[in-house]
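Using the sequences provided together with the hints, build the complete structure.
For the record, the sequence lines run as chains A and B.
According to this note's numbering, the first sequence holds residues 1 to 603 in order.
According to this note's numbering, the second sequence holds residues 1 to 603 in order.
If you are wondering where the hints come from, they were derived from the structure by calculation, not from laboratory data.
Computed from a predicted structure; not experimentally measured.
Mimicking PhoX-like on lysine-lysine, the simulated pairs with C-alpha atoms at most 20 Å apart in a straight line are:
{"hint": "1", "chain 1": "A", "residue 1": "Lys395", "chain 2": "B", "residue 2": "Lys297"}
{"hint": "2", "chain 1": "B", "residue 1": "Lys117", "chain 2": "B", "residue 2": "Lys190"}
{"hint": "3", "chain 1": "B", "residue 1": "Lys395", "chain 2": "A", "residue 2": "Lys57"}
{"hint": "4", "chain 1": "A", "residue 1": "Lys395", "chain 2": "B", "residue 2": "Lys395"}
{"hint": "5", "chain 1": "B", "residue 1": "Lys226", "chain 2": "B", "residue 2": "Lys355"}
{"hint": "6", "chain 1": "A", "residue 1": "Lys395", "chain 2": "B", "residue 2": "Lys57"}
{"hint": "7", "chain 1": "B", "residue 1": "Lys395", "chain 2": "A", "residue 2": "Lys297"}
{"hint": "8", "chain 1": "B", "residue 1": "Lys226", "chain 2": "B", "residue 2": "Lys567"}
{"hint": "9", "chain 1": "B", "residue 1": "Lys567", "chain 2": "B", "residue 2": "Lys355"}
{"hint": "10", "chain 1": "A", "residue 1": "Lys57", "chain 2": "A", "residue 2": "Lys395"}
Number of protein chains: 2
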Amino acid sequence: MTEEPVWTDSEIRRADSIMGSGRRENKDSVARSPTGSLSHHPPSPPLTHSPKEVWKKGGRMFSVLLAINLVLLACTLVSSGAFNEVAVHDYDVFFMLTIMMLICIAWILFYLLVTAKRQDAILCKDSHAGPVWLRGGLLLFAILSLVMDVFKTGYYSSFYNCLSAIKIIYPIVQAVYVVIQTYFLWVSAKDCIHVHLDATRCGLMLTLTTNLAVWMSAVTDESVHKSHTKFQNTTDETHKWIMKGNLPNSKAPELRLGGCNCNSQICQIFQNGSFWLYPFNIEYSLFASAMLYVMWKNVGRLIDHHTHHIHHLKFRLFRRTFFVGTVLGLFILVSGLAVLIVYEVQVNNKSQPDKNQALIMYYSFNIVCLILMSFVSIGGSIIYRFDKRDMDLHKNPTRTLDVALLMGAALGQYAISYYSIVAVVASTPRDAISALNLTYSLLMIAQHTFQNIFIIEGLHRQPPEEDHKIDPHRKDLYGLTFVNINAVSLRVPDGGSALPSPMPDSLGTVAIQPSEIVQSIMVPKKVKWRRKFLKEISLFLLLCNVILWIMPAFGARPQFDNDRELKFYGYPMWAAIVDICLPFGIFYRMHAVASLLEVYIMS
Amino acid sequence: MTEEPVWTDSEIRRADSIMGSGRRENKDSVARSPTGSLSHHPPSPPLTHSPKEVWKKGGRMFSVLLAINLVLLACTLVSSGAFNEVAVHDYDVFFMLTIMMLICIAWILFYLLVTAKRQDAILCKDSHAGPVWLRGGLLLFAILSLVMDVFKTGYYSSFYNCLSAIKIIYPIVQAVYVVIQTYFLWVSAKDCIHVHLDATRCGLMLTLTTNLAVWMSAVTDESVHKSHTKFQNTTDETHKWIMKGNLPNSKAPELRLGGCNCNSQICQIFQNGSFWLYPFNIEYSLFASAMLYVMWKNVGRLIDHHTHHIHHLKFRLFRRTFFVGTVLGLFILVSGLAVLIVYEVQVNNKSQPDKNQALIMYYSFNIVCLILMSFVSIGGSIIYRFDKRDMDLHKNPTRTLDVALLMGAALGQYAISYYSIVAVVASTPRDAISALNLTYSLLMIAQHTFQNIFIIEGLHRQPPEEDHKIDPHRKDLYGLTFVNINAVSLRVPDGGSALPSPMPDSLGTVAIQPSEIVQSIMVPKKVKWRRKFLKEISLFLLLCNVILWIMPAFGARPQFDNDRELKFYGYPMWAAIVDICLPFGIFYRMHAVASLLEVYIMS
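See below:
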């Protein structure tokens, strides 16, 4: 090893071209390398983290620990605050949240004015992070959250002499926070920051934690409010025993006004309005958390420029597609809204037959919807079996997070369904509603499973646009000719030869016959039809997920209206199960909508 | 791209040697490639998954979905079975577990007799998986689990006419299952299977799920039993109100005997013996789960032979080290045992002063122990700052799992501590026990944090043995000479030149001056001292973790004996928090012991 091999430039280039562009030295990192003359050394591996950082995991550890501790503290306070007999009050929670939001605002301003302004701060951008539809959704939810904050401020101002000041300060600070954070995420969601690594990681984790804490607080407030209004109006026998001291959640926000009453017209509007807007604020916090997590993953990351093809895809919704899927989806959306309104009216009625009718209608609609969705998802997965497009195996934190969230959030609905199934199977009498409830729960599990399989497969496909745009003589940074095999659909039928690579671009050049390129450029009619079907399927599923989000988000709770599980498990246990799991189920729907939009665009 | 470059063999070898062995074509995969003559093509990327599989994540998806559904179903049945008012009985749970274990036994036999016997089944082994101390621990816990099963069978046989047969069948099937599974894990823990991919993944996930279900069932049984015996003997005022109908957990196993009583001497021995052995069975299930998960991650994986250096390390415990750390650790271990015995005796006493004294003693011992451990962990982390060893960044599913489990399991103790802190801070009176409880909770958080940082840093270091054993003319598979730079501690002070690679071996050969190799072989005295300190620190922490595992595992529950939190949150909420979180806290200690042993060996 003492004799150092001498390499001519052309040999190195040649060797370089064998290995493909993945082996190319990242220019920025070469410039910083203190060893100097690398031109005669063989190329280093592709760097995926900042040259300043020796061990990425170590850099992340502190911020993760900070986040874990803050989340647990917030969780403790929020859950204690929800129970009547515990001496923690909602203003303790609001106080903590206000402080956290103020610190976050300070950090965001520091980031925007100092960190991001540094010359060497942002060496590259992650094209997968913060796509325009996610940022658009965030903006929409931000606006509705601001309206909610206005309503809340108005509502609490009506009693400003009965309340601690923090209850009025909290929505005002929250409004400022929403504005600043939305601007921050809009302009910086794609950044890969390379200065102030530790400060930025901690700042991002703190902001993420604040969003999660706000989410927990909103979810708790909302379920306390729901259970209060539900049992306040109830008169029938079944629920009376629940009310007799067995209801732990009587800390509904409207009961915490310290002796003042909300009787005026305007106060009532503020109160109801703010509760109708809660679901949007909840989604805002979760969207912001997801984007912040991706930013955190991207701190100190260096991205190979090669993987930047996806953001050239145009956002052409409803192009070529006005077909069965869309029409059927819209029909289900509209009829779902009608079902929800009828259900809400009938189920709050005093009479039991009306209630049963409402439940039968609700379950029937959902069962039809879930059956259709399951079959359509299975159909989509079968189409993928015949799809010749290669799997996209590039590193992509956004997609990894998407998949993890889809699988994780589905657990919420799975858990509710399993508890329902056990309750229905183990108890009597077995009437029509029980049968419907059982079918509904089983179908929920099946539909979540099939839909997840479909979405995850869809997210891992290469976008088809590459097939058309491929330039067989594309030049890489060093001016060498190569063909990126990932971009060409080259797959021998038995699937053995074109092995996908776990690293970007590492397959490099392989001898491709010109006839094969021509073959892949001439997209056959079959493929066009397949894509059309996939687009229809994703649009249909998207619309169905929207209505299945709207129903629970705006108050449909068959889990409590149907008293089978309530009797089987008892109020405290069943309320705990539903109140903890349902928010994840609702988030799943919203997240599935975002993911299906991505699948639609990539098909 | 139509003109294919022609390469001579020597040019390819030369290019190959620049890129290092990581770029070398895996021989097995070349042999299977249907494209044939690859010798004149440039090398493909390193494969990390089976050549038969196009998309690893897709292959895993089905088994993950199966596992999720089974775990949730088991969780539903176990949690429902724990509550008195719910019409799910423990024999329903036992029935499901028995069926699951029988299926697992069938699969394991199929694996051992069919799958593993296939010629092309095991192409490589993961040297990090199933180290000998983990398998040794598994064997030990397996033996104690068998003893527990014997006791249980004996106990239930005393009432065989009062019970459903499943209660006697269950421990017998469990014993068979433990024997077969332990044998299976002992011989196959390192396997990377390449045939029957889907069947093996599902089988492994099913076995993993069964272990988790057994764990949940054991943990639930144990905490029901603990709360029953605790409140059965109580006479003081504080606990009386809890007993009056407020105790939901009266399904203790000893109450489910259907009218028969356990009065005979032998029956009492069987009963108490089986409960003392529960902690070992719990640890057995968790150890087996961790090993099964690593096996599942290794299904279809191809490992570069290069990363196989760690298993050459010898297991030389207590070599050169009989110093302060060990002695102090042993002293703490022994005094901890004494404290536990005195605590258990005094706290079950009727008199309140005795109880308070016991609590003060318990908290004081733990506080001293935690302070020492925190300082020692910080000291260790500071020593790592001066450690010149490179970070080991090879792919290693075992280590990734270790780190995830350490961080995840710590959440259990974190949550308990935060709830305690809120309760103590928000309630009065502030007596000595409250102050001790607060200090103890805060120190628990600090100690978990510092210890995790220390362990995670330790696990990511290269073992030092490489420094001595390095052969500068090591031959690779093709007979080419290269030096693996990762194995040599070559680091320029500013940390910029020896950039760690995120992929195995990708740095390949770099010109190294002979003087540098000599420098790294002559280990200076300072380094020796540093290693000695690190070894002392890990041994001390290991022994402390053992005693902190023993205390809660064998029944110390200051969370319930000290009634501050019980009064603040109410029995149902506090019992739910402790019963869900404490098993993770206990598992954390056991897992920390295993990880510290690894850190000890690698220092």
